[in-house]
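Undergrad: Which chain is which? The protein sequence lines are B and P, in order. So that you can map any letter, position 110 of the first sequence is 110 in my numbering, and since no number is skipped, the others follow by simple counting. So that you can map any letter, position 131 of the second sequence is 131 in my numbering, and since no number is skipped, the others follow by simple counting.
If you're looking for bench data, these hints aren't it; they were derived computationally from the structure. Any given hint might turn out to be false.
To be verified - Just some of the chain P residues that point at chain B, by a computed CB distance under 10 Å: (1) Ala163; (2) Ile175; (3) Leu258; (4) Met265.
Note that the Cβ used here is the ideal one computed from N, Cα and C, for glycine as well.
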Amino acid sequence: MLSIRNVRKTFEAGTAGAHTVLDGVSLHLEPAEFVTIIGSNGAGKSTLFAVIAGSVFPDEGSIILDGRDISREKEHQRARGIGRLFQDPRHGTAPGLTIEENLALVYSRASGRFPLSLALRSADRSLFRQVLSRLDMGLEDRLKTPVGSLSGGQRQALTLLIATLVPPKLLLLDEHTAALDPVTAKKVLNLTRDITAAHGITTLMITHNISSALEMGTRTIMMNKGRLVMDLRGGERAGLSVEDLLARYKTTVHENLDSDKILLDVEKA
Amino acid sequence: MNIAGSLQLGLIYSLLALGVFITFRVMNIPDLTADGSFTLGLAVSAVFCISGHPFAGLAAGTLCGAAAGIVTAFLQTKAGIHPILAGILTMTGLYSVNLAVMGGSPNLSLIGVSTVFSVFQAAFPGLERNIARLCLTFFLAASSAAALIWFFKTGLGLRVRAAGNNEKMVRASSINADAIRLAALAIANAFIGLAGAALAQYQGYADINSGAGIVIVGLASVILGEILPRGRTTAFVIICAALGSVIYRLLIAIVLYLNFFPAYMLRLVSALIVALALASPKARAFLRDRRARKKAPLC
Chain B
1 MLSIRNVRKT FEAGTAGAHT VLDGVSLHLE PAEFVTIIGS NGAGKSTLFA VIAGSVFPDE
61 GSIILDGRDI SREKEHQRAR GIGRLFQDPR HGTAPGLTIE ENLALVYSRA SGRFPLSLAL
121 RSADRSLFRQ VLSRLDMGLE DRLKTPVGSL SGGQRQALTL LIATLVPPKL LLLDEHTAAL
181 DPVTAKKVLN LTRDITAAHG ITTLMITHNI SSALEMGTRT IMMNKGRLVM DLRGGERAGL
241 SVEDLLARYK TTVHENLDSD KILLDVEKA
Chain P
1 MNIAGSLQLG LIYSLLALGV FITFRVMNIP DLTADGSFTL GLAVSAVFCI SGHPFAGLAA
61 GTLCGAAAGI VTAFLQTKAG IHPILAGILT MTGLYSVNLA VMGGSPNLSL IGVSTVFSVF
121 QAAFPGLERN IARLCLTFFL AASSAAALIW FFKTGLGLRV RAAGNNEKMV RASSINADAI
181 RLAALAIANA FIGLAGAALA QYQGYADINS GAGIVIVGLA SVILGEILPR GRTTAFVIIC
241 AALGSVIYRL LIAIVLYLNF FPAYMLRLVS ALIVALALAS PKARAFLRDR RARKKAPLC
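In isolation and in its complexed conformation, chain B is listed as follows:
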């Protein structure tokens, strides 16, 4: 479904501050595969997403999505096939627009309506109510509530719903539960699992939580200094505990997986 071929990216190339963020990354994802990505801060995870989504252009290499080379396409052109969620729940929705307007924003476009025709029809509302009820947050009765007055968890769940309302070919989740409290994070993760499984959406998920990296999906890759340093799947991944993974990280890159944040996540898990 997705092929990344030897992608390189150096920021501020040719200056004293030049740093290579992606150093020849190649990755192939099968349709409906759900891959989790872990790695230290600055390993290049988010830049990899930016390169796939088109907000950053690589110096070298190509991105092929569903058999089509999208390397030259602009961000908004690629977004037709790619759904994205960010860490900040405020990022994915328009706060001043109501829940139904946020849904209609994507839905009216995806259903191919003429831009100057009514964006929100009564048939849409019943569809929105039905999909919102799956979130089990009572949002189906608050269609006219501005999204800005929802909690972070509700907003992120809504963003996930909007991103998958018309199932994308690829879903990019960049620590989308990191800003949520543990209970809400769990809920949004379960939703993520259910929705991606139901539609067979090919998914890449960055996380700092090692246990959810192992629990979610079928494959885990690890990045370090702009390279893929580990690619675990199948039986090799199945029996792995958080401690095993941290130990393997240490032997692979000869340093501890960084940040207090990860250690905390390990303790929480």
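Position chain P relative to chain B; hints supplied.
TA: Okay, now just chain P, sitting in the frame of chain B:
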């Protein structure tokens, strides 16, 4: 006091308020094209009237306003020029264009030339002149407000609102944010061009300096409209913006009638109104802070 005249002018300028509302309030971009696009609409409309086509003059004024907006949008997005500077550039360039449209003369008179107002008056000879003018300006303002309300219910309108509300989100979505900005600026300046076009025919002349400082007039109207009881629906907010312009003209009429200050002070007063209104959130926060500090125990 000329209340009917103020109402008529207020209704014409409400089109300007709608345009300013789209850029400043919905899109959150300070667009200074208005000074130029307003006069462009005025000039084009006057020239069409002189050649005997008053209705085409309104349409042409609208389209030319939209074109001016497109130029600014192009400078902002493709050329990457700061939104304020982009607007100033278009406005400055338009000064020459407007003079060229008016054949190099700084003003054109429409005395004895048929305008939409004289045509309307001729069609309904029974109506008193002021009533006829009021009907026509009201029709113009109401249909424009209705069109804008409808626009914001369409898919494109929803995208414009979303782009103004969370541009980051729109940039990461499949929506072409630059195209949305272009559409918004074109539509906003179309309304402003139409306001100028209607004004030329209403007052019976076109003057090259009619647009000077007009952005502030529009902004003052929008702000006055926001004093009205707030509603949540977009339709309500749009109607308030249009009404704000009528309130603005009535206030001016009252102030001039009471002879508080000479007419030439109006621009200064408008600027003060806008400055005060824009400063009010900061002033309120300052006062709240000070009160809190006074209440807090010394330690």
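Undergrad: Now tell me if each hint is right for this structure.
TA: A quick look at each hint next to the structure:
Interface hint status for P:Ala163: upheld, as the beta-carbon distance to the closest one in chain B is roughly 9 Å, under 10 Å. A distance limit of 10 Å between C-beta atoms decides the matter here; for P:Ile175 the minimum to chain B is near 6 Å, and the interface restraint holds. Interface restraint check for P:Leu258: the shortest CB-CB distance to chain B comes to about 40 Å, outside 10 Å, so the restraint is violated. A hinted interface residue such as P:Met265 counts as satisfied when its beta carbon comes closer than 10 Å to some beta carbon of chain B; here the least separation is about 37 Å, so the hint is violated.
Violated hints, listed in ascending order, are 3, 4; each of the other numbered hints is respected by the structure.
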